[in-house]
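*Asks:* First to last, the protein sequences are chains A and B.
Counting from 410, one number per residue, gives the positions in the first sequence under the numbering used here.
Counting from 59, one number per residue, gives the positions in the second sequence under the numbering used here.
If you're looking for bench data, these hints aren't it; they were derived computationally from the structure.
It is possible that part of the hints are untrue.
To be verified - Calculated lysine to aspartate or glutamate pairs in the DMTMM-like style (CA-CA distance at most 25 Å, straight line):
id, chain 1, residue 1, chain 2, residue 2
1, A, 465, B, 159
2, B, 141, B, 117
3, B, 67, A, 451
4, A, 461, A, 424
5, A, 516, A, 417
6, A, 461, B, 82
7, B, 115, B, 127
8, B, 67, A, 493
9, A, 477, A, 451
10, A, 469, B, 159
11, A, 461, A, 425
12, A, 516, B, 96
13, A, 477, B, 159
14, B, 129, B, 112
15, A, 520, A, 472
16, A, 520, A, 493
17, A, 486, A, 472
18, A, 461, B, 88
To be verified - So these bits of chain B aren't anywhere near chain A, every CB distance computed over 10 Å:
id, residue
19, 72
20, 109
21, 118
22, 127
23, 172
Glycine included, C-beta positions come from ideal geometry on N, C-alpha and C.
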Amino acid sequence: GNSVTQMEGPVTLSEEAFLTINCTYTATGYPSLFWYVQYPGEGLQLLLKATKADDKGSNKGFEATYRKETTSFHLEKGSVQVSDSAVYFCALLMDSNYQLIWGAGTKLIIKP
Amino acid sequence: DGGITQSPKYLFRKEGQNVTLSCEQNLNHDAMYWYRQDPGQGLRLIYYSQIVNDFQKGDIAEGYSVSREKKESFPLTVTSAQKNPTAFYLCASSMGQRTTDTQYFGPGTRLTVL
Chain A
410 GNSVTQMEGP VTLSEEAFLT INCTYTATGY PSLFWYVQYP GEGLQLLLKA TKADDKGSNK
470 GFEATYRKET TSFHLEKGSV QVSDSAVYFC ALLMDSNYQL IWGAGTKLII KP
Chain B
59 DGGITQSPKY LFRKEGQNVT LSCEQNLNHD AMYWYRQDPG QGLRLIYYSQ IVNDFQKGDI
119 AEGYSVSREK KESFPLTVTS AQKNPTAFYL CASSMGQRTT DTQYFGPGTR LTVL
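For reference, chain A alone in the conformation it holds in the complex:
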């Protein structure tokens, strides 16, 4: 079946470090891919998305490229800030069943 696998956390980095959070997916077809962010005690916010292969989503300095050949959608940021500390979720949406399929989330901790 369709699934999303994220790297396990927590990921702990120093401020201004380079960030990569890995996300790979299994899908029979051509899903749309999403990254959501959840700050402590809050709901989820869409961070970025890509709807077809080779698309790059970007927002707030974060980027992710839809790689069909490696079935990946890794999240990157060149220089993280303390305010980026949150839980990041990768998800896919298939047009066959219209339901978001979620990764388990990766907690990111940025130390000053």
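Given the structure of chain A, go ahead and fit chain B onto it with the hints provided.
*Replies:* What follows is chain B alone, placed relative to chain A:
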């Protein structure tokens, strides 16, 4: 100022009681969703609705019920049949259910069973 509101933010329930969580959106979205989030885990779909007066079970619908009498509202009732209801509940909505339709989330309700 469009968005999704959920109330209450925190809810406490005694065992054996039913409780209803509110979700309202003013985004004119057709589709609405309820998810459950447990600590350290991803989201699991409880129910979803594509249109008024219609809804479908998600992956973990047992012990829950919903209604969709208005486009703007999609309340979730956690019944006494739900064996482990303590969790964070998130409501979402989207314009439709195409793969390009982003789901937007409310701030969540944290339910604790005493």
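*Asks:* Indicate, hint by hint, whether the structure satisfies it.
*Replies:* Comparing the hints with the structure gives:
no.	hint	verdict
1	A:465 <-> B:159	holds (17 Å)
2	B:141 <-> B:117	holds (16 Å)
3	B:67 <-> A:451	holds (10 Å)
4	A:461 <-> A:424	violated (32 Å)
5	A:516 <-> A:417	holds (8 Å)
6	A:461 <-> B:82	violated (31 Å)
7	B:115 <-> B:127	holds (17 Å)
8	B:67 <-> A:493	holds (23 Å)
9	A:477 <-> A:451	violated (32 Å)
10	A:469 <-> B:159	holds (21 Å)
11	A:461 <-> A:425	violated (31 Å)
12	A:516 <-> B:96	holds (14 Å)
13	A:477 <-> B:159	holds (20 Å)
14	B:129 <-> B:112	holds (11 Å)
15	A:520 <-> A:472	holds (21 Å)
16	A:520 <-> A:493	holds (10 Å)
17	A:486 <-> A:472	holds (6 Å)
18	A:461 <-> B:88	holds (24 Å)
19	72	holds (24 Å)
20	109	holds (12 Å)
21	118	holds (12 Å)
22	127	holds (22 Å)
23	172	holds (20 Å)
When the structure is compared with the earlier hints, violations turn up for hints 4, 6, 9, 11 and for no others.
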